[in-house]
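There are 2 protein chains.
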Amino acid sequence: MPTGCLIGDSSLNNVDFLELIAEDIEEVEELMRSRSEGYHPDLGAAMEHLLSAGGKRIRPKVALLMGKLLEADQRDLILLGASIELLHTATLVHDDLIDGSLLRRGNPTLNSDWSPAATVLTGDYIFAQAAELAAEIGSTEVMGLFAETLAVIVNGEISQLFSRKKLTSRKAYLQRIYEKTGSLFVLATKSAALLSGSAEERIQAAVVYGREIGNAFQIVDDVLDFTGTRETIGKPIGSDLRQGVLTLPTLYYLEEKPDDQVLEKVLAGHHNGADLKEVLGRIKASGVVQRSLQEARKYSHRAVRALEGFPDKSEKQALIDLAEFIVGRDI
Amino acid sequence: MPTGCLIGDSSLNNVDFLELIAEDIEEVEELMRSRSEGYHPDLGAAMEHLLSAGGKRIRPKVALLMGKLLEADQRDLILLGASIELLHTATLVHDDLIDGSLLRRGNPTLNSDWSPAATVLTGDYIFAQAAELAAEIGSTEVMGLFAETLAVIVNGEISQLFSRKKLTSRKAYLQRIYEKTGSLFVLATKSAALLSGSAEERIQAAVVYGREIGNAFQIVDDVLDFTGTRETIGKPIGSDLRQGVLTLPTLYYLEEKPDDQVLEKVLAGHHNGADLKEVLGRIKASGVVQRSLQEARKYSHRAVRALEGFPDKSEKQALIDLAEFIVGRDI
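Line order of the protein sequences matches chains A and B. Terminal number for the first sequence in my numbering: 335, no gaps in between. Terminal number for the second sequence in my numbering: 335, no gaps in between.
Because the hints were derived from the structure by calculation, they are not lab data. Among these hints, one or two may not hold up.
Intra- or inter-copy, both count: the list cannot distinguish identical chains.
What the hints assert, rightly or not - Heads up, simulated DMTMM-like pairs for lysine to aspartate or glutamate below, C-alpha to C-alpha not over 25 Å straight-line: (1) Lys175 <-> Glu41; (2) Lys175 <-> Asp46; (3) Lys269 <-> Glu205; (4) Lys281 <-> Glu268.
Start from the sequences and build out the full structure, keeping to the hints where you can.
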């Protein structure tokens, strides 16, 4: 299978338990694409490039499943799903610029052939589109949560930027993955619950599901940066380490081998390709990958437990299946 | 008077007709500054730097005057004023990065001593804060307008970026100043009118006032890039021409002297300091500055006329005085 196809058609697009929202996701896709029309043509082309690169659309999927389970309005959920995915896309565009990344989802990033100026503005434009869709829902609570989530994500990125090449703690890591990923999943599940008019207790359970599944998802993402292949994850392996970003496997490894000289070199930024390869091999061989996945499973179980009092509908089973699928995925 | 003082204490902070909102503007300032607390300290420092650089705060002033004239809720207007000024500030941060500008309001830009990454993220963070404040107002109409305005501004910047070094028309210029400035003034006046619960006709009149005063303000800003001094405008003279951006004085000049070889060189980007100085001198000597200011006065008069049916209160007189002041200002 050619690479582009594998990435664009990622596993989460082909699982039975998501069949019940397949048409809704089509609507989300259409709505997102419609937001590039009527503006500058180069901008439209950039958005088309970004959206056609695929991606799992996991955030809108979670929003749709939670919202349908709790019987929120269908149109609101489509707007919510598109808004969250665009917010996520905008942060990726700025992230790639900041990291100087050239590949994402197996495709060249905007950053790789656009000027930084065009990349900044395209990200800003996608933020604006996300905000317009969120405003269109017409819920001040959801809009407030949307704005707050953007602040949390950006603050997380700023903290990471300023703490690069510095050692960090497991606590800081957990904070970081919440800011980066958990918060957006919470935006998805909490907004869906708010829009359904559910009682406070249920809204809080939706928050827990979102936060835990988001954190599990990010831990697995960080593990895949060690265990994946360039083909499956759509970017070079070891990107985090190369940029001096410490994730859970490396933190566990450092607890076991605090004096590893090669790792020290890599983290200090004084390394060549061979050093990086050596460190990646050592970390993979050390058992910390399994330990990290075990941690991800804990989060996933907590997410499933949060759904205990929810109505027994097919969407609930799909949310359970999704939580379990996420920690077993390899792309 | 030292430069920093002149810029920070710009003329619009010292005019009698704005005395009636002086305390409100203090509240807006405090609210803006409070948004840097509780986040990464370097981010707080960056926001403090940006906010203490001053600026005329003309957008919140217009929002406050219009809102008080139409008797909108006081707290909503403070939130609105801070939200709009932060949105404006965020776009300036990204703009300075895009232009590579080193000075703004007589102070170094973030861009001049921060990395591009930190600058992008600081702008994003300020967007998020602006969105949070706008959401806090609790009006879905205002939130929708806020998001739409962000899209209009960014689309304008993208159009400008892609059309640099190309000749443009007066029509394109007017479109551009609306996107850049008029739209934000409309956000101020229309939101204030919406929050007051005014009738549709009055809301539309508020839109006209905002659009026309915003456009007048931008034309004068563009003129000051020719007639000001580095001390009064807080950045080097001729910045627009240097970057190949055509504004009204240059467009008028080109209509009169379509074959000016030195201007052609400057617009093509193949110029030295002497060429730029020569062109600036020719444009200033040609009478197009006066023609541009006359055009600005037309917009200002239209703004004043839009207020005709409004209640005769001191805020109305202040809005009239402001419209007249704007076209006579020299900083």
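Hints and how they fare:
1. Lys175 <-> Glu41: between (43 Å within a copy, 22 Å between copies)
2. Lys175 <-> Asp46: between (42 Å within a copy, 21 Å between copies)
3. Lys269 <-> Glu205: Cα proximity of lysine 269 and glutamate 205: none, with 49 Å in one copy and 68 Å across.
4. Lys281 <-> Glu268: Within one copy only: 14 Å inside a chain, 54 Å across chains, cut-off 25 Å.
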